[in-house]
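Peer 1: Residue numbers (the working numbering), protein chains in the order written: chain A, 1 to 247; chain R, 1 to 379; chain Z, 1 to 370.
Quick caveat, the hints were computed from the structure, so don't treat them as lab data.
Pairs of lysine to any residue, SDA-like flavour, derived with a Cα cap of 20 Å:
(1) Z:K163 with Z:R29
(2) Z:K86 with R:D228
(3) Z:K86 with R:L284
(4) R:K41 with A:W89
(5) R:K41 with Z:K86
(6) A:K106 with R:W165
(7) A:K20 with Z:W327
(8) R:K355 with R:L326
(9) Z:K226 with R:R95
(10) R:K41 with A:S86
(11) Z:K83 with A:Q140
(12) R:K354 with R:R337
(13) A:K20 with A:N42
(14) A:K106 with R:R186
(15) Z:K86 with R:N281
(16) A:K69 with Z:H320
(17) A:K20 with R:R95
(18) Z:K86 with A:S86
(19) A:K127 with A:A115
(20) R:K355 with R:P317
(21) R:K41 with A:S139
(22) Z:K226 with Z:P276
(23) R:K97 with Z:L167
(24) R:K97 with Z:L273
(25) Z:K86 with R:T227
(26) Z:K86 with A:S139
(27) Z:K83 with R:W288
(28) R:K41 with Z:R29
(29) A:K106 with R:I188
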Amino acid sequence: MDKQTLAVQVADLTVAYQEKPVLWDVDLDVPQGVLMAIVGPNGAGKTTMLKAILGLLTPAAGHVSIFDKPYQEQRSLVGYVPQRGSVDWDFPTSVLDVVMMGNYGKLGWVRRPGAADRRAAELALEKVGMADYAGRQISQLSGGQQQRTFLARALMQDAQVYFMDEPFQGVDATTERAIVDILKDLRADGKTVLAVHHDLQTVSEYFDWVMLLNVRRIASGPVDEVFTDENLRTAYGGRVGFLNKKP
Amino acid sequence: MTLLELLSSLLTDHTIRTVASGTAILGVVSGVLGSFAVLRKQSLLGDALSHAALPGVAIAYMLTGSKSPAVLMLGAGIAGVLAILVLLNVTSRTRLKEDSVLGIVLSVFFGFGLLLLTFLQRNPDARQAGLNTFLFGQAATLLTRDVQTMAVFGGLALLLVLVFWKEFKLLSFDREFGASLGLPMRGIDILLTTLLVVAVVIGLQAVGVVLMSAMLVAPGAAARQWTDNLGRMTLLSALFGALAGVAGALVSSLGSGLSTGPVIVLCISLIVLVSLLFAPNRGLVWNWLRQWRNRSRLRTEAVLENIYLMSSQHADPTHPHAVTALEAVSGAGNVRRSLEELQRRGLAVPHSDKKWSLTAEGVRSAQARLQPAKDADHE
Amino acid sequence: MSSAQIEIQLIGIVVAAACALPGVFLVLRGMAMMSDAISHTVLLGIVLGFLATGDLESPWLIFGAAAMGLITVSLTELLNRTKLVKHDAAIGLVFPALFSIAVILISRFARGVHLDTDAVLLGELAFAPFDRLMLFGTLLPRSLVVMGAIALVNLIFILAFYKELKLATFDAGLAAALGFSPALIHYGLMGLVSITAVGAFDAVGSILVVAFMVAPAAAAYLLTDKLERMLLYAVGLGALGAVGGYWMAHLMDANIAGSMATIIGVLFALCLLFAPQRGLLASAARRARQRWEFAQTMLTIHLLHHEGTPEAEVENRLDHLHDHLRWEPAFARGVVQRADERGLVRLENGSLHLTDAGRGLATTMLADKR
Chain A
1 MDKQTLAVQV
11 ADLTVAYQEK
21 PVLWDVDLDV
31 PQGVLMAIVG
41 PNGAGKTTML
51 KAILGLLTPA
61 AGHVSIFDKP
71 YQEQRSLVGY
81 VPQRGSVDWD
91 FPTSVLDVVM
101 MGNYGKLGWV
111 RRPGAADRRA
121 AELALEKVGM
131 ADYAGRQISQ
141 LSGGQQQRTF
151 LARALMQDAQ
161 VYFMDEPFQG
171 VDATTERAIV
181 DILKDLRADG
191 KTVLAVHHDL
201 QTVSEYFDWV
211 MLLNVRRIAS
221 GPVDEVFTDE
231 NLRTAYGGRV
241 GFLNKKP
Chain R
1 MTLLELLSSL
11 LTDHTIRTVA
21 SGTAILGVVS
31 GVLGSFAVLR
41 KQSLLGDALS
51 HAALPGVAIA
61 YMLTGSKSPA
71 VLMLGAGIAG
81 VLAILVLLNV
91 TSRTRLKEDS
101 VLGIVLSVFF
111 GFGLLLLTFL
121 QRNPDARQAG
131 LNTFLFGQAA
141 TLLTRDVQTM
151 AVFGGLALLL
161 VLVFWKEFKL
171 LSFDREFGAS
181 LGLPMRGIDI
191 LLTTLLVVAV
201 VIGLQAVGVV
211 LMSAMLVAPG
221 AAARQWTDNL
231 GRMTLLSALF
241 GALAGVAGAL
251 VSSLGSGLST
261 GPVIVLCISL
271 IVLVSLLFAP
281 NRGLVWNWLR
291 QWRNRSRLRT
301 EAVLENIYLM
311 SSQHADPTHP
321 HAVTALEAVS
331 GAGNVRRSLE
341 ELQRRGLAVP
351 HSDKKWSLTA
361 EGVRSAQARL
371 QPAKDADHE
Chain Z
1 MSSAQIEIQL
11 IGIVVAAACA
21 LPGVFLVLRG
31 MAMMSDAISH
41 TVLLGIVLGF
51 LATGDLESPW
61 LIFGAAAMGL
71 ITVSLTELLN
81 RTKLVKHDAA
91 IGLVFPALFS
101 IAVILISRFA
111 RGVHLDTDAV
121 LLGELAFAPF
131 DRLMLFGTLL
141 PRSLVVMGAI
151 ALVNLIFILA
161 FYKELKLATF
171 DAGLAAALGF
181 SPALIHYGLM
191 GLVSITAVGA
201 FDAVGSILVV
211 AFMVAPAAAA
221 YLLTDKLERM
231 LLYAVGLGAL
241 GAVGGYWMAH
251 LMDANIAGSM
261 ATIIGVLFAL
271 CLLFAPQRGL
281 LASAARRARQ
291 RWEFAQTMLT
301 IHLLHHEGTP
311 EAEVENRLDH
321 LHDHLRWEPA
331 FARGVVQRAD
341 ERGLVRLENG
351 SLHLTDAGRG
361 LATTMLADKR
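Given the sequences, and given the hints that come with them, work out the whole structure.
Peer 2: Structure (structure tokens):
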């Protein structure tokens with residue numbers, strides 16, 4: 001493999017809640033244009049890692065760069081898909097409105113989203129197969145539609161690197177397929193995706209890189225090199241007997 | 001006094017006009033900021049803040065000896081901000097739940113204010129800045145000067161809401177996503193909460209501590225039922241607030257010692273009740289109606305199927321059956337009303353001696369309904 | 001001390017105890033603000049009771065008030081169940097409406113009667129000894145008798161249903177599964193809160209009922225993890241606040257109830273700062289201590305991580321800790337020095353090496369992460 005540009009570089013990331021470690025000294029290099037899954041058992045710190053990278057919580061140590069510059073300077077290159085359950089879906093707003101929030105960072109103070117933003121939002125909704133739902137109140141969406149709305153909002157950010165927290169959590173088969181297609185499109189455009197993922201069965205099908213995490217990094221790299229029984233056993237503490245991974 | 005006379009007094013009577021414009025301003029400002037408070041699950045924050053303002057008012061008066069509304073409002077505002085700081089810090093640094101800290105802030109600040117007031121009340125001149133005003137408000141004593149102060153502070157607060165509209169929306173819906181965009185969400189939170197304090201302070205003189213909390217919850221909660229759009233909800237909430245304010249001012253001007261605060265709260269509570277019951281889509285009455293209609297539709301269809309099944313034991317599918325037999329088969333429920341409904345739809349016809357039969361159309365309809373179920377049985 | 005003074009303090013103590021007992025469960029169950037709602041709406045119960053009986057002394061008033069407390073709770077829950085408004089908004093809608101009705105009824109129909117809204121909201125403990133009641137052949141202050149009886153009822157209820165309350169508070173699901181109806185416990189508790197609020201606001205006023213119910217219980221929650229002790233501490237703190245508040249009011253010639261609430265607030269603040277485990281100072285000190293220990297562990301893990309790798313030469317240097325771990329140079333030196341003293345690392349020519357002890361620590365910390 002030739003020397004690729006690194007989209008994300010995490011070095012010595014340590015996160016602690018009240019002096020209890022959640023992540024220990026994690027290093028991670030993610031080349032541009034890969035779809036990387038972050039997997040690990042419950043409580044392994046997957047979501048914490050994502051939030052620490054995004055600066056949503058303050059790490060005890062370590063730093064993050066995006067395309068060789070500190071994260072803070074590169075924020076406009078980053079898109080984020082939070083967990084679906086993190087917001088109140090009874091909030092009085094429409095699907096289109098939520099998607100347009102993806103542009104709020106670029107709009108700056110005082111300015112309101114205009115016709116161009118509206119068009120961009122409609123385009124993003126079209127990409128996730130939700131064009132007909134633009135005017136729909138968000139409380140009327142199914143779980144899968146909520147997830148696709150969040151995905152469209154991230155697409156609206158027109159980022160280089162996307163961070164997704166459990167994008168496949170509790171979605172229907174249609175949505176799952178739609179998300180996979182979007183991931184592949186993103187990769188084709190040279191974008192990079194880091195997604196917290198919990199379904200070990202689909203890792204090799206949906207992603208080409210993987211990071212195994214359990215408080216510290218167990219392994220990371222291309223799926224066929226890293227996603228081995230031995231690494232999985234280290235990450236899951238030998239509790240992967242149920243797993244019938246293809247050799 | 002007729003309603004018309006009452007309304008015309010709005011134009012002619014200076015006192016009533018002053019009071020009504022004061023309570024209208026209060027309604028608009030607390031309606032707008034209350035919408036955000038309701039959506040952010042901070043409905044009880046206003047309650048705590050308004051109680052917590054008492055020591056601020058007392059200290060402001062003690063220090064300056066002035067009863068000017070601007071001074072007292074400033075004192076109340078500072079105490080409100082202090083209360084928020086205590087609330088946020090204690091909640092985030094201890095294992096106490098937010099409601100406990102709210103209760104403590106509310107009651108201890110208020111108790112401390114009460115303690116301070118005993119010193120003030122020895123001063124006979126202080127009666128007017130006294131406790132009763134603070135507890136229940138005294139809209140009737142509002143002067144043009146007070147209303148002007150309210151309008152300035154309130155207008156400023158509304159202007160800021162307009163300027164930071166999309167940031168406030170983002171804060172209320174998905175704070176963490178906002179932070180990931182690099183927006184200073186903490187600062188935006190502080191700004192919005194400070195504006196809530198402003199709304200509380202504006203309302204204190206008019207409706208008083210105890211009822212101020214209602215003005216921050218009720219208009220927003222009522223408006224939420226009518227629309228799914230934040231902008232429209234906020235406007236409607238302002239409108240409801242103003243409506244309750246003016247109505248309360250007018251009704252209490254009728255005299256017999258009705259203080260304005262409680263009347264305003266009753267008006268806005270009435271608006272809430274109507275909204276909860278009758279707002280389209282969300283309203284409870286529509287909901288009940290929908291359920292009732294569903295149930296009666298299901299019952300009618302069950303009766304249709306039962307007649308068909310009973311008739312299929314005869315050669316003629318339109319063989320008439322007695323209502324009593326149908327009642328026995330269909331169980332409880334008003335079979336006759338279902339039959340009348342079927343008759344209206346041309347699916348069944350009544351015969352003499354309380355017997356009913358299906359029409360040809362009814363037979364087709366029942367067959368169509370039963371067919372898919374039979375297919376499923378074969379699977 | 002005159003007998004009136006002793007009686008006022010006694011009433012204060014009894015009110016504090018009666019409030020603190022149900023207060024503990026309100027705080028633990030996250031329902032502290034219900035005490036605010038109930039203490040306001042019982043006024044409506046009293047007014048309606050008075051309008052029905054025409055007698056301000058009638059015992060029906062207490063029943064009416066307690067019933068109104070329960071009605072408040074069920075209206076709030078009813079509203080909450082419609083899913084049209086959130087729980088906090090439901091509380092904020094119900095109690096001001098009921099309270100407003102009460103205020104209007106008083107001003108329309110009960111003028112001139114001693115049912116003054118000020119007094120109801122604020123109470124006047126100073127006059128409590130003058131309102132006396134014949135009991136067991138002695139003339140006792142009415143408030144003392146009423147509040148004593150309420151405190152006793154609260155105590156008996158809590159003793160009788162102790163394990164049910166405990167279970168329903170910490171694991172409502174399990175309680176239901178074991179056949180204790182959480183709803184019954186809930187309404188029982190709310191009934192206590194209502195009766196207590198009625199009795200107490202005669203003495204301290206409805207707003208300060210909240211202070212007596214919530215603040216001592218919350219302070220006690222910072223002092224202990226055991227429910228029994230929490231109940232004891234809450235009663236103790238409330239009583240202390242009542243007595244302390246009385247004397248402050250006496251010295252300053254100020255409102256007694258306000259003074260009691262202030263002292264209770266001060267007691268809460270003291271617990272908040274100085275509680276042995278959960279106080280702000282204790283946790284700050286613990287955090288400062290843990291910060292060094294944590295940093296040393298972090299250092300050993302960092303070294304272990306890069307040990308024997310090509311980049312170890314760069315990563316494992318003292319002057320690079322700043323770059324990699326984001327430590328200030330002075331802090332980094334401090335950590336290395338402490339780790340060196342504990343024999344976890346060796347420093348050679350600015351390059352850091354793990355000792356066996358250091359490697360052991362890092363390995364155990366990593367292994368025992370879950």
